[in-house]
Amino acid sequence: MLLPLVAILAKVDWAHFGSLITSEDSRAAFWLSLKTSTFSTLLCLLFGVPMALVLARRNFPGLSVLRSLVLLPLVLPPVVGGLALLYTFGRRGLLGGAMEVVGVQVAFSTIAVVMAQTFVAMPFLVVSLEGALRTAGQRYEVVAASLGAGPTTVFRRITLPLVLPGLVSGAVLSFARALGEFGATITFAGSLQGRTRTLPLEIYLQRETDPDAAIALSLVLVVVAVLVIGFARQGRSAL
Amino acid sequence: MISRRLGVLGTFLALFTGLVSACGDDSDGSGGADKTLTVYAAASLTKTFTEIGKELESQHDGVKVEFSFGGSSDLVAQIQQGAPADVFASADEANMEKLTGDDLQADDPVDFASNTLEVATPPGNPAGITSFADLAKDGVKVVVCAPEVPCGAAAVKAEAAAGVTISPVSEEQSVTDVLAKVSSGEADAGLVYVTDVKSAGDSVEGVTFPESSTIVNTYPIVALKDSRNSDLAQDFVDLVTSDTGQSILEEAGFAKP
Chain A
76 MLLPLVAILA KVDWAHFGSL ITSEDSRAAF WLSLKTSTFS TLLCLLFGVP MALVLARRNF
136 PGLSVLRSLV LLPLVLPPVV GGLALLYTFG RRGLLGGAME VVGVQVAFST IAVVMAQTFV
196 AMPFLVVSLE GALRTAGQRY EVVAASLGAG PTTVFRRITL PLVLPGLVSG AVLSFARALG
256 EFGATITFAG SLQGRTRTLP LEIYLQRETD PDAAIALSLV LVVVAVLVIG FARQGRSAL
Chain B
33 MISRRLGVLG TFLALFTGLV SACGDDSDGS GGADKTLTVY AAASLTKTFT EIGKELESQH
93 DGVKVEFSFG GSSDLVAQIQ QGAPADVFAS ADEANMEKLT GDDLQADDPV DFASNTLEVA
153 TPPGNPAGIT SFADLAKDGV KVVVCAPEVP CGAAAVKAEA AAGVTISPVS EEQSVTDVLA
213 KVSSGEADAG LVYVTDVKSA GDSVEGVTFP ESSTIVNTYP IVALKDSRNS DLAQDFVDLV
273 TSDTGQSILE EAGFAKP
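So the sequences go chain by chain: A and B.
So for the first sequence, our numbering puts the first residue at 76; every next one is plus one.
So for the second sequence, our numbering puts the first residue at 33; every next one is plus one.
Simulated from the structure, these hints should not be mistaken for laboratory data.
Being a predicted model, the structure only gives us computed values, none of them experimental.
Yeah, the Cβ is synthetic: ideal placement off N, Cα and C, and Gly gets one too.
Listed next, with one range per pair, are the computed distances between beta-carbon atoms:
id : chain 1 : residue 1 : chain 2 : residue 2 : range
1  : B       : 113       : A       : 140       : 45 to 51 Å
2  : B       : 162       : A       : 79        : 48 to 54 Å
3  : A       : 155       : B       : 68        : 31 to 37 Å
4  : A       : 163       : B       : 68        : 40 to 46 Å
Which chain B residues face chain A? A few, computed with CB under 8 Å, are given here:
id : residue
5  : 200
6  : 202
7  : 204
8  : 205
9  : 213
10 : 216
If we strip away everything but chain A, and leave its shape as in the complex, we get (with noise of 0.2 Å):
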């Protein structure tokens, strides 16, 4: 498993490093990956949290074929998960038309990316929230709500206290998942510096030119991963 982390130490050139991964593109692909991440990781938590309590709380027919349908973009190809989007969202997509005459054009936009990355790195927070959701039951619930609490409370100061570990490690998982997200964004975002080129394309893409400068930026990506790692474990035992 550190074999390759290490080859890719052994074969950075430290001498250039500095310049390598403060290059223009480099810059660019590097705050593309962070602002969209950090967006699409919001977008998983507005989305991914009812829908772990959905799960997790609730019993109905079909309920087994919604959590595989939730966790389907875990299994599934990131490429193939970006031909869905662009058959649904692209120009001539199963939404595209519609949202054309409202003015919305999400191909070849910033949006693109997130939708991408908000697609593949969603189960992951719901996986993980629905985890804690069901190991810390709903005893406490109860009382709190025969004790007079209304759901909002109940929520707010029993459920979330509760799972927050979950919660935060699902987002960062959600996070670094994003940030390293693909094959769903060179199919349907396309690549365009400053647009829709993160980091992961831009690796890519450099491997081409200049594998120096590929390698300098991959080593970012793995001390970046390592930190939300290390925050998460961090995160998890502090709580």
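Take the given structure of chain A and dock chain B to it, following the hints.
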């Protein structure tokens, strides 16, 4: 519940191993070849070289030709790292020079075909593109290759030759990515090779432009020094440059070098 899940898992595993072993059987079955020639060739040569490979197999008993098609620069990198290739065909001279720079060739590379750029539009040409200059018009969504890859380098030259500056909505990794964005109707136009438009059939329309004649990509081919079938490798190179090979390439839209 658990046992049912395990059952499902087992079924999947059985299916998967079935598939894997089926693949194994297949390669064993169609094998029986005494010699295998491995050709690394640019992705744009997929159709033509597969046909030329079949031709070589029919000429030599017990010979099997295998291909690895990909971006020329990827293929060079793999060969430099010791990939077991016998022949290399590049979509441009720059990548062939990387290979000869490392002295990996058995003989001097031979130019065997050339390709020029063409504008591809979705069927019906919804944006009404008729010239290269139309690509710079406001509101026209143009997709090109990134300048880092051969087709993108050619696109930059075409812009210079035509004195037109295109602001693309996307710079793709390969010419096939550009074609996919055009044929799906996502982009109004894309810059690709003449041969790509031809092989895409009805899914795109081609718009030729006079400036393209000044930008010609030449395809060189070479047998490699480390080949274990050097005679066969040279036979393949000879076949590509022979009348048979040339007519297959011409059929696909390639021009003479």
